[in-house]
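With the sequences and hints as input, model every part of the structure.
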Amino acid sequence: MKFIYRVLLRALTGVLLLAGVSTHAWAANAIEAINVAQQGSDVTLRIDLKDALSAPPAGFAVANPAKIAFDFPLTANALGKTSQQVNEGDLRSLNVVEVSDRTRLVLNLLHSMNYRTRLEGKSLYVTLSPVLVPGAAPTAGAATRFVEETAVGNAHAIRDVVFRRGKSGEGRVVVDLSDAGTGIDIRQQGSSLVVDFIKTALPQHLARKLDVLDFATPVEGVETRSLGENVRMTITPKGLWEHNAYQSDNQFVVEVRQIIEDPNKLVQGSKIGYQGPRVSINYQNGDVRALLRLMAEELGLNAVISETVSGFTTLVLKDVPADQVIDIIFQQKGLDMRKKGNIIMIAPRDEIATREKQDFESKQQISELEPLKMEQFTLNYQKAVDVARLLNGLSVTGAQGGAAAQPAAANANSAAQRILSKRGSAVADPQSNILFVHDIPSKLEEINAFIKTIDVGARQVLIEARVVEASDDFNKSLGTKLGLINSRSVQLGGSGVGFVGGSYSPGTAAATFKDGVATVTGTAPSLTQTPMMGVNLPSYTSEGGSLAFSLFNSSLTRILNLEIAALQSDGIGKLISSPRVITANNVKAKIEDGTEIPYVTTTNSGGVTTQTVAFKPAKLSLEATPQITPEGTVKMALLIKKEEADWTRAVLGNPPIKSSVVETNVVVENGGTVVVGGVYITNQQTSVEKVPLLGDLPLLGWMFKYKNDLGSRRELLIFITPRVISEKMRLE
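To convert, count from 1 in the sequence shown and add 8; that's this note's numbering.
FYI, nobody ran anything at the bench for these hints, they're computed from the structure. Computed from a predicted model, the values in this text were never measured in an experiment. There are no misleading hints in this set.
Cut-off 20 Å, straight-line C-alpha distance, at most; resulting in silico cross-link-like pairs (EDC-like, lysine to aspartate or glutamate):
id : residue 1 : residue 2
1  : K627      : E723
2  : K347      : D367
3  : K347      : D358
4  : K627      : E651
5  : K89       : D79
6  : K347      : E305
7  : K371      : E454
8  : K624      : E604
9  : K89       : E106
10 : K207      : D168
11 : K341      : D331
12 : K624      : E651
13 : K75       : E306
14 : K175      : E250
15 : K391      : E454
16 : K666      : D481
17 : K598      : E472
18 : K341      : D358
In structure tokens:
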């Protein structure tokens, strides 16, 4: 009943449309006719509408399954049907579906296709073009409308164009736009990728060609120029590549990544798994050769199928990649393939193995019978003697300058590593640095490519190390000295034992002469004994400041002295060492500065004493082996030593050696600085001198003791800065 109801409803709707009665009050426009025509490899659709459109409808594409859809706002379906079989080129059918207040036109495709649109009167023209495979012949004008232009208040413009290298080695072209409504078309034209920015202005300083070979990406150059009222950007890749484009707000990005060709894959690409167009097959007891030919056509490959491939197969598959279908047939029928470029050869596995074995044997026979030729190579950076040993499969270590390399017949153990053929030989002239190679022509071509690869100038790196040693010393002393003087006799407990002090007064004398008689007058010297008592408490250093107090009575018979001494000193010092060294890429370099300390050792043998002197280094040294990575950073193997003699702790005149060592591997950006190590040492000491018992009294005890605090801090930091030197001997 539901099926009959739907049929009647469709029939009624068609009658109303044919009668000119609109079933949708909201529809301001209507699709009246769709015509399809094939022109070469392109398919063109003409969509006739009741009224002309002000702008092309928004469209989007789906890769799996391959579809292209257009949304017509406020437009009804006046065709009288919702589907139509086409079967023109890669366009199978189309569907016209009314959704809410719009009509969606869906194009069902065999493969993903590019499209472009244009308005002409009341008609919309849609041109479908095949997606180009890298290396295939281009189709003129085949473009993908990446972004439709949106009307904005200001004119569209390009603000900046920047090229960067991605983390995986891909080339990234970043375009900053004035607004997100800029229309963008992207297409492959020959071996280049062309991006058109619709109705967009380009500043004069951005109309240029960027040479980006030094970034080591699949992109060789990026050229941006004005083309009428548009801007055209031409990206020139190299090799086998694929691209991806996306937009985020006002930034448009095109990524071009290299494809590593896998001879075992039918469809090349960076994605894992099967990538061919999805197909549905209901193949009942059909010919295998015919099915393989059909799948090759789906993949756009040129297939050569051996006559020995025969048999029938039955497959029922739904929505399966075409390259996976071929693998399934290979597994069923014991087939295999060999792929070169866009051509595949399909045959039974045994036949392919036999053919390859015959090819190898014929090449071996040719190499044994082919006449030898002589070719000379002038080396610029490598030593000819070392290269000759490499060609013969010998180690470069221990090679003697001026010695010619010997043929490999005498080195059978290294034959597997030889680059030369069995009959080949290499002789080096160390004076002219010329290498003479005698071998078959095919091997000479390999050797030529090998020498071009290794005979290049090594890039150099300037490595600067800053060794910073900071010290902080602290000393604090505090103590008192108490003295008591008493001029009166003091006895201890009536024992008669006391403290006596005194003073000495010298006498005076005078002589006179009268009538030859001498008369002497004067006073005799006297010793005055003054009883006194004194107390001395813990001593203190004479450095620093002191404060003294004296208390005495009016008759000056008793005096009390109190002297407080205090010392506080702070010292901060910094020592910086900055060794620098330049070395080639992957070559170890070493620099050191310092002295050697003599050590005297005494030995006694048979009553004979012998003293010998030995030397031990105390130096600042830097060992570095840099490696420049493809990303431009510098990887370094570092060994840094800082040694110095400590004469304050010498034993029998022989000082110990204080050593700080850092050994590590780090990766630093060019010109960047990294801290590779640090040592922080803190030493604190406290000593107290006091009078027994009195120094332990509460509150008053500080008058009878002396306290000394010593502290020191030592910090050692090592900074490393690598800088890559260009071929013109300038820092990059």
